[in-house]
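Given next are the chains, with one letter for each unit.
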Amino acid sequence: MKKFGSLLATTMLASMLATGAYAKTLVYCSEGSPEGFDPALYTAGTTFDASSKTVYNRLVEFKIGTTETQPGLAESYDVSDDGTEYTFHLRPGVKFHTTDFFTPSRDLNADDVIFSFERQLKSDNPYNAYVEGASWEYFNGMSMPDLIKSIEKVDDMTVKFVLNRAEAPFVANLAMDFASIMSKEYADKLAESGAMSDLNQKPVGTGPYQFVAYQPDAVIRYKANPDYWNGKEKIDDLVFAITTDASVRQQKLTAGECHVMPYPNPADVQALKDDESINVMEQEGLNVGYLAYNTKVAPFDKTEVRKALNMAINKQAILDAVFQGAGQAAKNPIPPTMWSYNDSVEDDPYDPEAAKKMLEEAGVSDLSMKIWAMPVQRPYNPNARRMAELMQEDFSKVGVKVEIVSYEWGEYLEKSKAEDRDGAVLLGWTGDNGDPDNFLAVLLGCDGVGGSNRAQWCNEEFDNLIQKAKSGTQEERAKLYEEAQVVFKREAPWATIAHSVVHMPMSKKVTGYKMDPLGGHWFTGVDISE
Amino acid sequence: MIRFLLRKFGLLIPTFIGVSIIAFAFIRLLPGDPITLLAGERGVSAERYEALQAAYGFDKPIIVQYVNYLGDILQGDFGTSIVTKRPVLEEFMQLFPATLELSICAIILATAIGIPAGILAAVRRGSFTDQSIMGVALVGYSMPIFWWGLLLIILFSGVLQWTPVSGRISLLYYFPQVTGFMLIDSLLSGQAGAFKSAVSHLILPTIVLATIPLAVIARQTRSAMLEVLSEDYVRTARSKGLGPFRVIGLHALRNALIPVVTTIGLQVGVLLAGAILTESIFSWPGIGKWMVDSVFKRDYSVVQGGLLLIAGMIMLVNLLVDLVYGLINPRIRR
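In the order they appear, the protein sequences are chains A and B. Heads up, the first sequence is in numbering that gives the first Met the number 0, so the first residue is 0 and it goes up one at a time. Heads up, the second sequence is in numbering that gives the first Met the number 0, so the first residue is 0 and it goes up one at a time.
It is worth saying that the hints were derived from the structure and are not from the lab. It cannot be assumed that every hint is accurate.
Stated by the list, open to error - Below 20 Å or equal to it, Euclidean Cα-Cα: the simulated DMTMM-like pairs (lysine to aspartate or glutamate) are:
1) A/Lys-478 to A/Glu-459
2) A/Lys-201 to B/Glu-89
3) A/Lys-414 to B/Glu-89
What the hints assert, rightly or not - Distance ranges between label pairs, derived from CB positions:
4) B/Ser-141 to A/Ala-328: 25 to 33 Å
5) A/Glu-303 to B/Leu-29: 37 to 45 Å
6) A/Lys-467 to B/Pro-143: 52 to 60 Å
7) B/Met-92 to A/Arg-489: 33 to 41 Å
Positions of the beta carbon are idealized from the N, C-alpha and C atoms, including for glycine.
Required output: the full structure, derived from the provided sequences and hints.
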């Protein structure tokens, strides 16, 4: 009977698609299949595009196109004076999706918010282990269990988060994908009927688009949420046509089989730009690729040595050869699209002669070192091996011999954490929540030594600044981060290499698309002209 | 015949256990583990790492893990994907029909063209026709699939716009999956044009996937035919005054077919390997890409479950081939 019901519904939808000549359909050639539709279970951007960015909302949202936050399902929030209590006032009249598998009987309330977080926080919540291996990666990765003391329902439309310590980036964390708000009513209904795993297969949210159907590795179908609290979208039907090969995505775009595609091959960008029917948007990615010296091992414990090596690196050659134009030279550890980016910082100039002299003055001669090259392609470093080879050549010009080493990716990540590591490591970072703390504290703070701080660098002046910046208004915090970037450049624990440049080709018919510096793909506010 | 069948089935069991050991060991022999890889640059604390190891049962001795795994398999439980958290068997069943449909079409194409081409080459041995057929077969045999697929897409989908670029059916058509075979489902849907769309999507991937098996089958048919044609009984048949069609079609072909059927059976493995690349190029939602992704992510349960299921399929096909032998050559049945 159930099968017949869905058959009927899909037939109806198909006839709607066939007859509704005026229905606007946007086809997005996505790069892969989502792992599931519960964003809190996963960490991949592909999954988030298909779930949190279409189906769900969060208490606070990123203003699309920026790393700043704005009200979402919470109309407003208050912070206690000591910065440990956040009280969220929910938006009234927000409706969950009505689909062929669920009809909500009530609007969004505090129970939904509490459910969405407690399932990740509390092991006795029935949904804590509703799929085998549920490990709530991001919730744990952002240290939420240490941070959250309790989540309280003040009244039906008010929720209070009590924290163990003041942590200003907490608000940005709540705009992240794992913090998507689910319907408790739907979850309860699924639990009753013994179909809990459907929460991850047939999502119900409050977002701009509602889920219609998914065929693995082929297509995901959505339609505009007619009751969306921020007004119905202009597109009626949104289709993700899953196309894993970049060249094939490009063919589909030029053949008009899809309207928007992510991640073109860098070598194809020029051809796409030359195509009159296609518009190529571009933006720096929220990432940084770097070479981290081990500041605990001589002679890299000397600032002058690190500075000299930085001056020996020909970044432009790296940008040309490794990034093929899809990169921008980095001077700060945070990307330029992030608030508090200090543009007045001057990068170390490329000057092998001066570098050689500096090394001599520092008493370093006949230096040989290792450079670790990652075995995988990452957005912040498309070819680490090639990059290491270029550096090897650059360093040889100042009399430094380089041996390139590499390990399997998992091993590489583990081994590079060691405090007595031999050599400088090529690595990078992609931002999670758009907060500078997510770069500066995680990658360069004293707490990260022996872990995510691959330079093993603990500088008191720098650490004081970023600790102080954990609370206060955004303006106050930005000032501290700007100062921290000056200290960073002076001390040079890393050679900052590049930020990737992300290209987004789309049909010229598509209007209103905004590139997300956080790397997501949003179809909110997008329209298509016939 | 029943004894023959039983003997063949009996052989399947040790093979299956052997494959399960290889599948289990293979992915664990690769350096790196799924937990570290899932965490990526973000990393995972030592306590959390241990907790997750315990949750997946990776902390137990390897023998215990294997025995538990085998026990689960015997109960039909192939485990849950570490990455997607969905049952492996469910994912496999959802994706396999697409691979099967493509493989069947490819093997039909390869056989339908390969056998006649091989016969023609053998009959006209040394002629221009023979040399052209074998030349083309050699090129086909050495064709890098990835490059060949892109070339066809650029020509037929890009320049000429005769065929769609990728996928199984136009996005305009939308109907529930009944059999999982798009050709059948599109007919069942009753939607006008759906079947045509499904066929047009199948053309290029079928050609690409069939290329190598076609070349192999053509070459094998040719050499088998040449051997048979020089046999005494063929000469006898000819001297008896039988027409060339009767000699070749009835007497020679039937005996030449035995090694060819073996070859076709062996091509199933080649097809599944080729499907991995073909599916990637044409965004074909089958098991090839699913397996490759899982190896990269060290998704133990998918890799070992997937390998075992695929191996099971190949064993079944080989069994079928053995049965077909029996039909062609009654002597083998004994």
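Status of the hints after comparison with the structure:
1. A/Lys-478 to A/Glu-459: holds, 18 Å
2. A/Lys-201 to B/Glu-89: holds, 16 Å
3. A/Lys-414 to B/Glu-89: Given that 20 Å is the threshold and the Cα spacing comes to 37 Å, the pair is violated.
4. B/Ser-141 to A/Ala-328: 25 to 33 Å: At 44 Å between Cβs, range violated.
5. A/Glu-303 to B/Leu-29: 37 to 45 Å: Given about 43 Å between the Cβ atoms, the range holds.
6. A/Lys-467 to B/Pro-143: 52 to 60 Å: holds, 58 Å
7. B/Met-92 to A/Arg-489: 33 to 41 Å: violated, 60 Å
Against the hints set out earlier in the document, violations occur for numbers 3, 4, 7.
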